[in-house]
Amino acid sequence: MKTFSIAIFFAAFVAANAIFPYFIVAGLLGAGIKTVEQIVSLESDEVYVRVVNTMGKGVEVTADCASGDDTIETQILKDGDSFAWKFSPNFFGNTLFYCNVKTNDGKSKGWDVYKGKEDSKNWYLRGDGIYTGKEDGSNLEKKEDW
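Numbering (the numbering used here), first residue to last: -18 to 127.
No lab work stands behind these hints, which were simulated from the structure alone. Only a predicted model underlies this, so the values are computations on that prediction, with no experimental measurement involved. Among the clues, some could well be false.
The list that follows gives simulated cross-link-like pairs (lysine-lysine, DSSO-like), each with its CA atoms no further than 27 Å apart [said to hold, decoys possible]:
hint: 1; residue 1: 83; residue 2: 38
hint: 2; residue 1: 123; residue 2: 90
hint: 3; residue 1: 90; residue 2: 102
hint: 4; residue 1: 67; residue 2: 90
hint: 5; residue 1: 123; residue 2: 38
hint: 6; residue 1: 123; residue 2: 67
hint: 7; residue 1: 67; residue 2: 115
hint: 8; residue 1: 102; residue 2: 38
hint: 9; residue 1: 102; residue 2: 115
hint: 10; residue 1: 59; residue 2: 90
hint: 11; residue 1: 102; residue 2: 67
hint: 12; residue 1: 83; residue 2: 123
hint: 13; residue 1: 96; residue 2: 83
hint: 14; residue 1: 124; residue 2: 88
hint: 15; residue 1: 102; residue 2: 59
hint: 16; residue 1: 115; residue 2: 83
hint: 17; residue 1: 88; residue 2: 59
hint: 18; residue 1: 115; residue 2: 96
hint: 19; residue 1: 38; residue 2: 115
hint: 20; residue 1: 83; residue 2: 67
hint: 21; residue 1: 59; residue 2: 38
hint: 22; residue 1: 124; residue 2: 96
hint: 23; residue 1: 124; residue 2: 102
hint: 24; residue 1: 83; residue 2: 102
hint: 25; residue 1: 98; residue 2: 115
hint: 26; residue 1: 38; residue 2: 124
hint: 27; residue 1: 90; residue 2: 38
hint: 28; residue 1: 88; residue 2: 38
hint: 29; residue 1: 115; residue 2: 88
hint: 30; residue 1: 115; residue 2: 90
hint: 31; residue 1: 124; residue 2: 59
hint: 32; residue 1: 123; residue 2: 102
Between beta-carbon pairs, the in silico distance windows are [said to hold, decoys possible]:
hint: 33; residue 1: 39; residue 2: 75; range: 38 to 48 Å
hint: 34; residue 1: 43; residue 2: 93; range: 15 to 25 Å
hint: 35; residue 1: 83; residue 2: 31; range: 11 to 21 Å
hint: 36; residue 1: 122; residue 2: 60; range: 17 to 27 Å
Backbone N, C-alpha and C fix where the C-beta goes; we use that ideal spot for every residue, glycine too.
Build out the structure end to end from the sequences listed, making use of the hints.
As structure tokens, then:
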């Protein structure tokens, strides 16, 4: 009897796990996603994060950025320099990248530069804080103080 119960449990487990992906696809289709291509593109949409030093002449920034999975090489930015990286957020929408920056004039800050299902981000380091904005530097919005 015990062997029969284990066999039934195992068969139910295998069957449940075999059809689980279909429930995910059905849920995505029910959410308005119509094609397999759209489902696949959810996992492969690349975004970028860009950090720009606009602190002023003579101010260098050292930036260390990473996620739980990836470490970006330490960057040293002179005024006007920038660096960027691109990646594909994970399917679950919980990708997180953070940066720690230090300046040669004594400022330092750590903050999340990408959280979840966001669009690409441009971060501008300025003397009075850290801003996001468009790629051309317009529409700046202050997000962090030093």
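Now the hints, each set against the structure:
| no. | hint | result |
| --- | --- | --- |
| 1 | 83 / 38 | 16 Å, holds |
| 2 | 123 / 90 | 14 Å, holds |
| 3 | 90 / 102 | 17 Å, holds |
| 4 | 67 / 90 | 22 Å, holds |
| 5 | 123 / 38 | 21 Å, holds |
| 6 | 123 / 67 | 23 Å, holds |
| 7 | 67 / 115 | 16 Å, holds |
| 8 | 102 / 38 | 24 Å, holds |
| 9 | 102 / 115 | 8 Å, holds |
| 10 | 59 / 90 | 17 Å, holds |
| 11 | 102 / 67 | 10 Å, holds |
| 12 | 83 / 123 | 18 Å, holds |
| 13 | 96 / 83 | 21 Å, holds |
| 14 | 124 / 88 | 16 Å, holds |
| 15 | 102 / 59 | 20 Å, holds |
| 16 | 115 / 83 | 23 Å, holds |
| 17 | 88 / 59 | 15 Å, holds |
| 18 | 115 / 96 | 18 Å, holds |
| 19 | 38 / 115 | 22 Å, holds |
| 20 | 83 / 67 | 22 Å, holds |
| 21 | 59 / 38 | 8 Å, holds |
| 22 | 124 / 96 | 14 Å, holds |
| 23 | 124 / 102 | 12 Å, holds |
| 24 | 83 / 102 | 20 Å, holds |
| 25 | 98 / 115 | 18 Å, holds |
| 26 | 38 / 124 | 22 Å, holds |
| 27 | 90 / 38 | 20 Å, holds |
| 28 | 88 / 38 | 15 Å, holds |
| 29 | 115 / 88 | 24 Å, holds |
| 30 | 115 / 90 | 21 Å, holds |
| 31 | 124 / 59 | 22 Å, holds |
| 32 | 123 / 102 | 13 Å, holds |
| 33 | 39 / 75: 38 to 48 Å | 39 Å, holds |
| 34 | 43 / 93: 15 to 25 Å | 18 Å, holds |
| 35 | 83 / 31: 11 to 21 Å | 19 Å, holds |
| 36 | 122 / 60: 17 to 27 Å | 21 Å, holds |
Going through the hint list in order, the structure satisfies each hint without exception.
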